[in-house]
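S.K.: With these hints in hand, go ahead and build the complete structure from the sequences.
Read in our numbering, the sequence shown has 73 at position 69, and its numbers run on one by one without any break.
With a Cα cut of at most 27 Å, we get these calculated DSSO-like pairs of lysine-lysine:
hint, residue 1, residue 2
1, Lys7, Lys26
2, Lys7, Lys31
3, Lys54, Lys26
4, Lys54, Lys19
5, Lys7, Lys85
6, Lys7, Lys54
7, Lys85, Lys54
8, Lys54, Lys31
9, Lys31, Lys19
Note that these hints are calculated values from the structure, not bench results.
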Amino acid sequence: MPKFIIEREVPGAGKLPPQEVKAIWQKSRAVLNDLGPQIQWVQTYVTDDKTYCVYIAQNVEMVREHSRRSGFPSNQISEVKSVHDPTSAE
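M.R.: Here it is in structure tokens:
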């Protein structure tokens with residue numbers, strides 16, 4: 005299945021209290037459970053005012069549906085075409 009990076013503008017994301025962060029992830033997981041195995045959350049990177057989420061999904065429409073149902077913004081959704089690390093240069 006394709007992998008996607010979702011950029012979400014969330015003012016103050018990096019300063020949210022732990023209990024609020026936990027509630028957000030619980031809501032996301034509940035929506036993912038409802039959508040079924042054709043979409044999976046891999047991980048999320050949090051910066052001061054944005055999050056960058058990595059998802060594996062059947063298609064971009066599934067990612068959009070997760071955002072719609074969860075109420076999370078999806079300001080930019082990009083399909084990953086390849087992944088590289090320092091060993092790619094060897």
